[in-house]
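Here the protein sequences line up with chains A and B, keeping their order. At position 77 of the first sequence (counting the first as 1) the number is 77 in the working numbering, and the numbers step up by one without a gap. At position 124 of the second sequence (counting the first as 1) the number is 124 in the working numbering, and the numbers step up by one without a gap.
None of these hints come from the bench; they were simulated from the model.
DSSO-like cross-link-like pairs, simulated, lysine-lysine; straight-line CA separation at most 27 Å:
no.	chain 1	residue 1	chain 2	residue 2
1	B	K235	A	K133
2	A	K108	A	K133
3	A	K46	B	K141
4	B	K261	B	K274
5	B	K35	A	K133
6	B	K35	A	K135
7	A	K108	A	K28
8	B	K246	A	K135
9	A	K168	B	K235
10	A	K133	B	K246
11	A	K168	B	K246
12	A	K28	B	K141
From the structure, some residues in chain B lie toward chain A, with a derived Cβ separation under 8 Å:
no.	residue
13	A113
14	A114
15	N115
16	H116
17	V119
18	V122
19	A123
20	S126
21	N127
22	E136
23	V139
24	T162
25	Q164
C-beta: ideal position from N, C-alpha, C; glycine also.
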Amino acid sequence: MFQGEPLIIGKYYFDPIHQDSICITSLKFYVTLKDKHEERYEDKVKLMEYDEENRHLTYHQNLTDVPSERELLIGIDSTLNTCGALSGDLDPSVGMYWTWNTGYINVKIEGRSKNCSALKHEFQFHLGGYSGKYKGIRQVNLELHDFVKCKMAIELGDFFAATDLRQKPQVMSPSDEGNRLATLFANTFHLIR
Amino acid sequence: MNVRMVFISMVSACLLGFAYPKQRPEIPEYFPEPKHSSEQYSDMQIELGRMLFYDPILSRDSTLSCSSCHSSYNAFAHTDHSLSHGIEDRIGTRNAPPLFNLEWQEKLMWDGAANHPEVQPVAPISNALEMDENLEHVVLKLSRQDIYKNMFASAFGSEEVTGQRVLKAIAAFQLSLRSFGSKYDLVKSGEAIFTAQENSGYSVFLKHCNTCHREPLFSTFEFANNGLPVDADLKDAGRMRITLEKSDSLLFKIPSLRNLKYTAPYMHDGRFRKMSEVLDHYKSGIVKSVTLAKELESGITLSDVERTDLMAFLSTLNDSSFVFNPAFQFPKTHFVNP
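Chain B extracted, bound-state conformation:
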């Protein structure tokens, strides 16, 4: 019995070796230890997760997949829309964040509602403003499809589809989304050098932004209030919604500054379309409140030169090798007759 299982997984591994590029580049030395390593998942589990991620079968009316709101070409964020669009064009209450380097995040979502990457997908699948489905029914739908039976067998050793397996596979794929192929990374590993302008922008960044958007991930992934005025319609209390602690009012998860070129609009409600608006906010738009981060009490005023230098530095954080990596895109080979 054991022998047979090993054999099956070896065959599929060989086939996959030809079909797909390497999905998990090695973590660079200057990165911290991951909180949820993707190494615990097999390549087959990642591949199954990728299929699920791109399959609208996860939504109630089979119109929407995870990728509808998290597009690989936008570093898995949702461009054009400030608030996400769900099935039947229902409008959500927050901006879809990009998905990469999730291995280093303790809690997911803008307010940290998801305590583990394996259970996060329960939220979009069941949210009435997103996919409006339930996991139990997804399991049923998947177990009726031969292609999935085979995929589950190679990924988990038997054809059985369970909620746990669906969630583990999607998590495996999401955690495999590593992005550290930017110019900044080349400089860190000694394969490139910054221009003079990028270098001065780096200093501006270290002085004003690094406490929250800490390198090399460009976020501590903690929660902070960066002084955005509260949207009168959405009245989003952020982290407080989860903890019910006053001290968490208006705190949102600090987003990474990697791949900003691809991830506009910005902030939890997508209120800024351009980076110039973001910098204007830090300069003169900050609203004082009890929970406002201390660093931002008097705003961040930059000279015109500092501002352009900072922008030059931030553009070294864009990773086109990630955004255009075919291993993360729509798995054409699986969806032969859509």
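Pulled out of the complex, with its shape left as it was, chain A reads as follows:
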């Protein structure tokens, strides 16, 4: 979603805070719903790719019956980042892998905006990192108690309201700004009825 409207790839949305017009060209992220104690769970990690054909991203999981033990994660933790080459959605050939410094890109948000200071007005946020100060994985803080099935929305308007594309239109490595944006992105998740 963008400001309450369904997100359309390539469509411009007005951001009143920065007086900017923003369009998204690509949105991809890793999501995992798992039981808290699980340490190796590569089969539960799914790459979500939002595009014209896939406006409704779905994710299925068989978990234990104890809802308080569940967590919803955005990104890849340090264990899966350091255990060698994985397969499926985690295969380093799917394009969510850094090449200059090994590690997964947890979230990719790319697009254009009128005010964006980068070349061709294109912004790119590649968020990741798994060690030291720069850990990119985030837990989504929602009450995941009472659902067997639940619907969620991502409000990118919130993300861009707190991101000035004139200042920092590009994040391509683990950093303080990357950390901030990772938290911001995880906070855009809402439960809907």
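Starting from the known structure of chain A, arrange chain B on it as the hints suggest.
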């Protein structure tokens, strides 16, 4: 189904048994436990990795293979060039390190950028100054070739080419590059003895170099600043590039001192062509800085005799059986019509 797969892999194993010499000599007792053992990979996976390592199909314009920069005759380093040369003669920013005994290394690259041997090859394949390709496209190119379909089937149980399989195979080959056939190793296992000169060189080594270049691997594979002046053009911050910690500024991975005869030029940017220049650096070239290793604060001054003795000892670390091992060389049998 199961039965059939076992049968296939047995047949290929027999064929290979004839065609190739043994690739993995047994690890000697005086070696520590490997961090990433090559024993987890099958001989077929290693053989597939060897083919990929020598195949320019991994580069965008099919001109460059891994072996272009990592030559078996140089213990898989790149001789003559201080900085590596990529496709279309683009010049890289670092010296290609030798490849051997990688099983004992936790992190790869001069700055430790690669956290696991299986994901390291993503870097050279995609680096615009090296092979300038991407893994997705490599997978596509490989899956169009019958010879690779067959090799992937014998190595992994099905013809399917995936990024994971390509990476695992290349890692399998690289990890199989074991080098412990030097005179030093013969002495350690009681099959040879040092000359008097080599023995005194050994003492010099233990006194001045062993804390970082620790035997028997001749490196701790940790990161240190050995006082090289910063190159004004490259301005390479080393380990700090990865960790962004000031305390890691100018730290580089300590290289092994095995096979120095084959691996010149030396250091992360290949600035020294001769060992005499290296020893001159340790004697009088060390630049003081906050992160300089404590052991090197007042340099390492050796008498002329100590210096020649040390050189004599270091030459016992050269392993010609590794450098000339046909199992590690270009797999002629596979590339019939290049």
